[in-house]
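**Q** Residues per chain, in single letters:
There are 4 protein chains.
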Amino acid sequence: MKETYIKELQQIQPNNPVLIEGLPGLGLVGKIAMRYLIKQLKAQKIAYLYSPHFPYFVLVNKKGNVRLLRGTFYYWKNPKEDSNDLILFTGDSQSQTIEGQYEIAARMLDYAEKNHVHTIATIGGYRMEAKDKPKVFVAATSQEVISKTVQAGASLSASGSPIVGTAGLILGLSKFKKIDAICLLGETRGYLPDPLAAKSVLEILKNTFNFDVELSGLNEEISRAEAMVTRLQAIEEKRVLQAEETKKQDEKKTTYIS
Amino acid sequence: MKETYIKELQQIQPNNPVLIEGLPGLGLVGKIAMRYLIKQLKAQKIAYLYSPHFPYFVLVNKKGNVRLLRGTFYYWKNPKEDSNDLILFTGDSQSQTIEGQYEIAARMLDYAEKNHVHTIATIGGYRMEAKDKPKVFVAATSQEVISKTVQAGASLSASGSPIVGTAGLILGLSKFKKIDAICLLGETRGYLPDPLAAKSVLEILKNTFNFDVELSGLNEEISRAEAMVTRLQAIEEKRVLQAEETKKQDEKKTTYIS
Amino acid sequence: MKETYIKELQQIQPNNPVLIEGLPGLGLVGKIAMRYLIKQLKAQKIAYLYSPHFPYFVLVNKKGNVRLLRGTFYYWKNPKEDSNDLILFTGDSQSQTIEGQYEIAARMLDYAEKNHVHTIATIGGYRMEAKDKPKVFVAATSQEVISKTVQAGASLSASGSPIVGTAGLILGLSKFKKIDAICLLGETRGYLPDPLAAKSVLEILKNTFNFDVELSGLNEEISRAEAMVTRLQAIEEKRVLQAEETKKQDEKKTTYIS
Amino acid sequence: MKETYIKELQQIQPNNPVLIEGLPGLGLVGKIAMRYLIKQLKAQKIAYLYSPHFPYFVLVNKKGNVRLLRGTFYYWKNPKEDSNDLILFTGDSQSQTIEGQYEIAARMLDYAEKNHVHTIATIGGYRMEAKDKPKVFVAATSQEVISKTVQAGASLSASGSPIVGTAGLILGLSKFKKIDAICLLGETRGYLPDPLAAKSVLEILKNTFNFDVELSGLNEEISRAEAMVTRLQAIEEKRVLQAEETKKQDEKKTTYIS
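Protein chains in written order, with this note's numbering: chain D, 2 to 259; chain A, 2 to 259; chain Z, 2 to 259; chain F, 2 to 259.
Looking at chain D on its own, in the form it has when it is part of the complex:
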């Protein structure tokens, strides 16, 4: 394998398809959103993306079987008429090299073009302090898609802010094809998996592209994540208190000596 390539498992005839991408990144927002969407919609596996720019290890599954790191494309036929079918993409890892980042995004766009995708949505996280309801920021290649998501509740990304990795490069490279692309970034503290940010992004997505999916299934994962954050904050507070106490003791000694 000298280059990134896509191995198709089955051909599809999608109706008005939108491609949604989410890879591991800040707060795992993209990965969590895609994993949930694929499971909830019972989407079908249609292709793998392999690349020599992924990390050089393989993964073992429960039965002891082994596989390369890869990305996977899934297909979901929208039961609503005159609506968007979905092609969903997620994977194990981002590219480990700069050139690989460009190559993987380019191959994904080739595949999208071949399947007559007119719009691609990419998902990521945006580092922020916590809030009850995380905002979702949008950036895109055309004003029209931006308006649609803003109507669905998204906020405009700050000017000058970079979008790193596959979620960003797909937008940058999509202009060379006749494909619109949009990136939705969920606010997240970023250092822990953040299903709440993922849910916020999915809410915007389903309203923008008009597909039905029940999101309440994420609530349990959200509760667990919040409990974890509370626990870590308690530990951190205790650590800070102890550090202050130690510092006071040290100052007492110093004063005594001088």
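The list cannot tell twin chains apart, which means a pair is met if one copy fits it or any two copies do.
With a Cα cut of at most 30 Å, we get these calculated DSBU-like pairs of lysine-lysine: (1) Lys-179 to Lys-64; (2) Lys-64 to Lys-207; (3) Lys-179 to Lys-3; (4) Lys-179 to Lys-149; (5) Lys-249 to Lys-239; (6) Lys-115 to Lys-8.
Bear in mind the hints are in silico, worked out from the structure with no lab data behind them. Here the structure is a predicted model, which is why all the values come from computation and not from measurement.
Since chain D is already given, all that's left is putting chains A, Z and F on it; use the hints.
**A** Frame of chain D; chains A, Z and F shown alone:
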């Protein structure tokens, strides 16, 4: 995108053209000079340079629109007869890989050759302590261009000094084409954007290549930069004083103990 | 040399061949196992693998002769009828680049396919605290090979654990050929060469693929390795004791002062 | 420039030619030896080697002229009959990437083959504590060339020692051509330019390949280098004494307190 490539937006028929290049680097001298020149001359966008060797992120603009990192070529028709038209180049970033540095400079030279450019000028910064009037150092591929800039007020670069990045490699690679190339380096402290160094370089350039451009428009930016330096120096002096005070206190304690 | 390539020294007509691979890695388990197997079976050199992704130095031998870093394939004709001939592979180093890791594994699979190899076994180490009898973990590309090694005494690899480097990528890439592949990882502390882990892996291998090899020849090397570990543990314990003593002394001083 | 390439300035018809290579490395032994040989023999420039794997800067000369980093081949016609003409190679830098290291050595071998070179000698440094007369270690691709240099006074390289960079890879890759290759490593402390080590290597070389060159011209540079070492050692000794003094003072304080 597997290689650096140039996407032409419009064809030009330049008269006796000179290409001027300035990318981000020390003190942002090249970038500031080019940005000013392009704006002041109202130069027209004629081509983009894309590369998989640029960093792997995209930028968001004020309207939420997204674009790849890139370089841009601009064209300015000189109203004077028997004079030099200008092709101006600037961009977001230098290459992130060694091979990319060589590839980007080579592609730029191909484009210059195609447009019958006879001379290329590259702009950068040269690290020095501050002076009222920063010197401009020159290095070039032919003695003739060196003489012209020295007459215009430039000083000869010190022997053995390296010129790093695109500004240097264009000169090194230009010998394989029949194109002269010259590099102008403005003296700068380098750690802050330095419009004064940029202005000094532009003065040499306009006299060397005989084009008119009003440079006083940079004065306000220069004042702001100087105010910033003064502010940082005041902070630094205060920090040094405090460090000395702390040291004295520590010595008192030590003396007391021993 | 622009790419990894295999230089064949002689053609073979193997009977039902299995390829066994072991390169330097954790505890040198793979390298020790292969070196022993090659010597004990008096296997014949049949091909070299060279790569520009190996480190950029050469090695000097006892006579002052020099050679590139490389991998070497050996061939052993199994005297038992209706049994597996072996192709054995070991080498000086793993690839130093990500792309090289994929390229080398791919070239090895090409060579295996050409020689009608139906199964490949790769060998590595798995970091664990010491035990008398190290376990051997197995992961593979098909359930059938897994069963065979589990019957021979191997344990199933934990789900989600990565297998890094050539030993892993061969499994991942073997699916693109019609070749089964299996990886055996011997438990090892990992920071020293570990012949006991190598022996444990070889025991599983000979029972799985039904070839005879006397393994007691490794016992002396195992004793030496154990003596070395005991010596290092004694040094470490002494260091810890001294550190504790120093700490007590420091605390006495501190107590005195405050 | 996408690959390393050699630009020939003139064609030669060498008689029984030997290629000698010396690039910057430990103690600059190879570079100093080649620079001296080229000057002393008044060898003629015949070709440049350029590579996108060299560092990405250019160098300015005394007149302000600029050039790419490169290697240069020189030619010397041996006035003795039935003797070896020399092709000499030195340059500004080693490759900055692993693949580039292999590519540059391979291109040099192509050029050597084209010019009917039968033997290549590479020069480097070998880290050792100082002696009056540094040893020269030899490693080679054939026993015959080793014997010749050992007779000329060289010692056999220790088994297992690596030879890093171009000086080593040329030997490793020369086996794919019908060219013998030999590496001579002069003992050097390595942290300063070491003309004495360079002279020792040149003595072996002229006796091995039977060409006349006066080496006393290096003596002045050797004296200067020795004076520099003496000066640095004096500074180092003083620094050690002061550190010991400070430590004693500190211990006195500590003793006083406890």
